[in-house]
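If you're matching them up, the sequences are chains A and B in order. Just so you know, we're using the numbering used here here: the first sequence kicks off at 1 and counts up by one. Just so you know, we're using the numbering used here here: the second sequence kicks off at 1 and counts up by one.
Since the hints were made in silico from the structure, they are not lab data. In this text, a Cβ means the ideal position worked out from N, Cα and C, and glycines have one as well. You may find that some hints are simply not true.
[What the hints assert, rightly or not] Cβ-to-Cβ under 10 angstroms is the rule here; a few derived chain A residues that face chain B:
id, residue
1, Ser22
2, Asp38
3, Asp40
4, Ser47
5, Arg57
6, Pro58
7, Asp61
8, Asp106
9, Gln439
[To be verified] Straight-line C-alpha distance at most 25 angstroms; calculated BS3-like pairs for lysine-lysine:
id, chain 1, residue 1, chain 2, residue 2
10, A, Lys253, B, Lys139
11, B, Lys139, B, Lys280
12, A, Lys253, B, Lys273
As a plain string of letters, each chain reads:
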Amino acid sequence: MLNRFLSFARALRDAGVPVAISEDLDAMRALAHVPMEDRDTFRATLSTTMLKNEAHRPAFDTLFDLYFGTGRGPEALAEADSQLPEGSEDEYLDDLFGALLAGDGDRIRELARQAVARFGRVESERAGSPYFEYRVFRVIDMNVLLGRMMREQDPDLSPLEERLWRDEFEQRLRRFREEVQGEVRRRLAEHKGPEQVARHAVRALPEDLDFVRATRDEILQLRRSIRPLARRLATRLAMKRKHARKGRLDVRKTVRASLSTGGVPFDTRYKHRSVHKPELFLLCDISGSVAAFARFTLMFVHAFQAQFSRVRSFVFVDTLDEVTHLFEHEDFLVAVDRMNSEADVVWLDGHSDYGTSLKRFMERAGRDVGPKASVLILGDARNNYREPAAWVVKELQKAAKRVFWLNPEPKMYWDTGDSVASEYARYADGMIEVRNLRQLEEFIARVV
Amino acid sequence: MTYRFGSVPEVVEALGKAEYLSDESIATVVYLAERLGKPVLVEGPAGTGKTELAKAVSRALGANLIRLQCYEGLDEAKALYEWNYKKQLLRIQAEQGREMSWEDVETNIFTEDFLLERPLLAAIRAPDPTVLLIDEIDKVDFEFEGLLLELLSDFQVTIPEMGTIVASAHPFVFLTSNNTRELSEALKRRCLYLYLDYPDIEREREIVLRRVPEVPETLADQIVRIVRSIRQLELKKAPSIAETLDWARTLVHLGISELDADAAQITLSALIKFRTDMEKVAAHLKVPPKPGLN
Chain A
1 MLNRFLSFAR ALRDAGVPVA ISEDLDAMRA LAHVPMEDRD TFRATLSTTM LKNEAHRPAF
61 DTLFDLYFGT GRGPEALAEA DSQLPEGSED EYLDDLFGAL LAGDGDRIRE LARQAVARFG
121 RVESERAGSP YFEYRVFRVI DMNVLLGRMM REQDPDLSPL EERLWRDEFE QRLRRFREEV
181 QGEVRRRLAE HKGPEQVARH AVRALPEDLD FVRATRDEIL QLRRSIRPLA RRLATRLAMK
241 RKHARKGRLD VRKTVRASLS TGGVPFDTRY KHRSVHKPEL FLLCDISGSV AAFARFTLMF
301 VHAFQAQFSR VRSFVFVDTL DEVTHLFEHE DFLVAVDRMN SEADVVWLDG HSDYGTSLKR
361 FMERAGRDVG PKASVLILGD ARNNYREPAA WVVKELQKAA KRVFWLNPEP KMYWDTGDSV
421 ASEYARYADG MIEVRNLRQL EEFIARVV
Chain B
1 MTYRFGSVPE VVEALGKAEY LSDESIATVV YLAERLGKPV LVEGPAGTGK TELAKAVSRA
61 LGANLIRLQC YEGLDEAKAL YEWNYKKQLL RIQAEQGREM SWEDVETNIF TEDFLLERPL
121 LAAIRAPDPT VLLIDEIDKV DFEFEGLLLE LLSDFQVTIP EMGTIVASAH PFVFLTSNNT
181 RELSEALKRR CLYLYLDYPD IEREREIVLR RVPEVPETLA DQIVRIVRSI RQLELKKAPS
241 IAETLDWART LVHLGISELD ADAAQITLSA LIKFRTDMEK VAAHLKVPPK PGLN
């Protein structure tokens with residue numbers, strides 16, 4: 001048991017979840033107080049002592065199931081499988097349909113287990129792992145099931161009720177899919193040991209997701225994490241301002257105030273320090289080569305504009321346009337739509353042209369960049385062998401307080417091919433590799 | 001040492017009597033907090049019953065609740081203790097005619113009489129069982145977090161002029177956070193962690209039925225299903241439990257016993273507080289959804 005617990009803790013750390021030694025000890029002390037045979041209590045005990053960030057919950061749950069849901073070996077699986085109910089595929093599907101329609105959670109879990117055992121198995125044992133999720137869903141078409149469930153409802157349903165039922169059924173189907181995924185992992189772990197599976201089973205934590213490689217779901221997830229990040233940044237800046245407000249004792253004012261109390265300094269007065277609001281210029285490459293990154297960039301712009309009053313945003317491909325007014329719209333998707341139809345960013349061929357874009361920025365807004373402003377440029381600096389116009393960055397650096405360049409490419413690819421990263425980096429206050437939220441947060445923490 | 005809660009199910013029951021509907025994981029955390037003598041850090045979106053949990057525990061234990069509401073710029077003087085400067089000054093002024101040595105004056109003005117007790121000190125000095133609620137800890141600055149660290153690990157405070165004050169009984173501590181910023185690892189390490197999300201549909205229905213008993217069961221069912229559907233949208237502010245309850249009360253007052261799209265539309269303002277959100281929700285509830293899983 002102890003060994004299993006320790007390797008579970010190690011797997012958590014390997015996945016990037018920070019678990020301190022003292023938290024291991026807390027967990028063990030806590031386990032002495034709860035009945036271990038109750039799985040839910042056991043899970044709750046470990047999670048409250050070892051997991052301190054909700055974003056890490058999926059990783060925790062996956063690993064928990066791997067380490068504490070297995071351990072009986074492949075033989076036990078085979079034995080359990082030998083007791084599977086007989087019946088044709090259609091009978092199984094009817095069974096599943098019934099369970100989903102009734103919303104019977106235990107039955108759904110049991111059927112997910114059967115589904116993996118019956119349909120998920122690949123007969124050739126040569127393949128590293130004998131179970132696959134995709135094979136299950138080749139037999140079970142979730143959309144067909146959903147349609148069948150909706151047809152089962154009263155045809156005169158109002159749209160509202162239809163919406164609610166659909167939400168409910170989708171929820172149940174998602175649950176079924178999760179059970180299947182869990183079961184596949186569990187079976188793999190029985191075959192190969194949890195350590196082998198753990199390494200691949202856990203998806204990247206939200207802060208480690210690579211912007212460029214993120215899937216659609218993950219991008220959505222990113223969008224949810226970016227808003228708090230911008231808010232955090234805003235609070236941080238606001239706090240700096242508040243801090244500065246209460247300065248040193250103002251002797252002159254205090255003495256002046258003490259006159260009304262007969263010279264006794266009853267009311268103490270303090271000096272106020274003036275702190276300016278941060279001014280920010282954002283320049284974002286939204287060309288195809290950084291499409292995935294651009295999506296993220298735009299989220300960033302949108303979140304920033306919602307938090308800061310003095311942000312001006314520009315986007316470019318081979319020429320540049322200001323989009324500040326478009327991103328004032330509260331809804332991100334609407335803002336992006338409007339940008340796509342209204343912003344004038346393609347001039348020639350739609351391949352990035354940093355040189356032209358930077359020059360255009362200089363023309364349009366160069367004069368507004370003052371000594372209090374910070375300029376952030378987001379892009380991969382792949383200039384399609386065009387003229388880089390690095391002098392613009394140099395000028396900006398002179399005029400502005402700071403100029404930073406955030407590059408979504410791994411550092412090792414900078415200056416390869418048509419990338420002119422170092423030409424720009426020379427003049428900026430820093431070119432920083434930002435491929436995930438963790439790096440972005442580090443950058444923000446350092447700069448602000 | 002005697003414990004007030006004998007087991008996890010006992011916690012569920014005690015909280016239930018204190019009008020708080022908990023579940024297995026909430027009860028486990030509360031139970032362990034007492035056993036291990038550790039503070040509980042409760043995180044989650046606004047309006048999921050974080051503060052309410054602390055209040056319920058204080059009711060269940062029959063303990064006093066001491067609450068420290070955090071805000072930006074909160075400092076030691078407002079949270080821990082402060083010397084009453086003006087009163088001290090008055091005292092010195094009053095003594096001015098008389099012959100008094102420096103020591104006399106000093107011992108005179110640094111006594112209990114001149115000490116302004118703030119919530120943290122109050123919680124530590126309280127002789128009776130106490131629940132200390134530090135609300136919205138994410139609003140304070142890093143420096144203040146440092147102060148809390150010391151307090152939460154040793155449950156003692158040092159006042160230079162008076163000496164160290166040690167808690168006679170460990171207070172039950174809850175910290176809540178809306179996650180507007182990441183708390184320090186050190187603070188998190190010292191706490192048990194509880195994430196309170198929006199309740200699942202069954203639990204929310206229970207809450208509605210219990211808190212607004214006039215609601216018929218079918219209506220409660222509809223209410224929580226619509227609320228869940230709305231929470232899936234990306235809104236500026238998703239409806240909280242309190243707002244669900246407000247909505248339920250509104251419907252009861254209007255004598256609506258079954259919801260249809262129109263009735264929902266008219267009363268939505270109890271649930272949704274932003275105009276743009278309102279438009280989104282209205283569109284969401286009106287248009288039949290596109291087929292296909294998301």
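How the hints compare with the structure:
no.: 1; hint: Ser22; result: holds (6 angstroms)
no.: 2; hint: Asp38; result: holds (8 angstroms)
no.: 3; hint: Asp40; result: holds (5 angstroms)
no.: 4; hint: Ser47; result: holds (8 angstroms)
no.: 5; hint: Arg57; result: holds (7 angstroms)
no.: 6; hint: Pro58; result: violated (13 angstroms)
no.: 7; hint: Asp61; result: violated (12 angstroms)
no.: 8; hint: Asp106; result: violated (14 angstroms)
no.: 9; hint: Gln439; result: violated (15 angstroms)
no.: 10; hint: A:Lys253 <-> B:Lys139; result: violated (31 angstroms)
no.: 11; hint: B:Lys139 <-> B:Lys280; result: violated (30 angstroms)
no.: 12; hint: A:Lys253 <-> B:Lys273; result: violated (45 angstroms)
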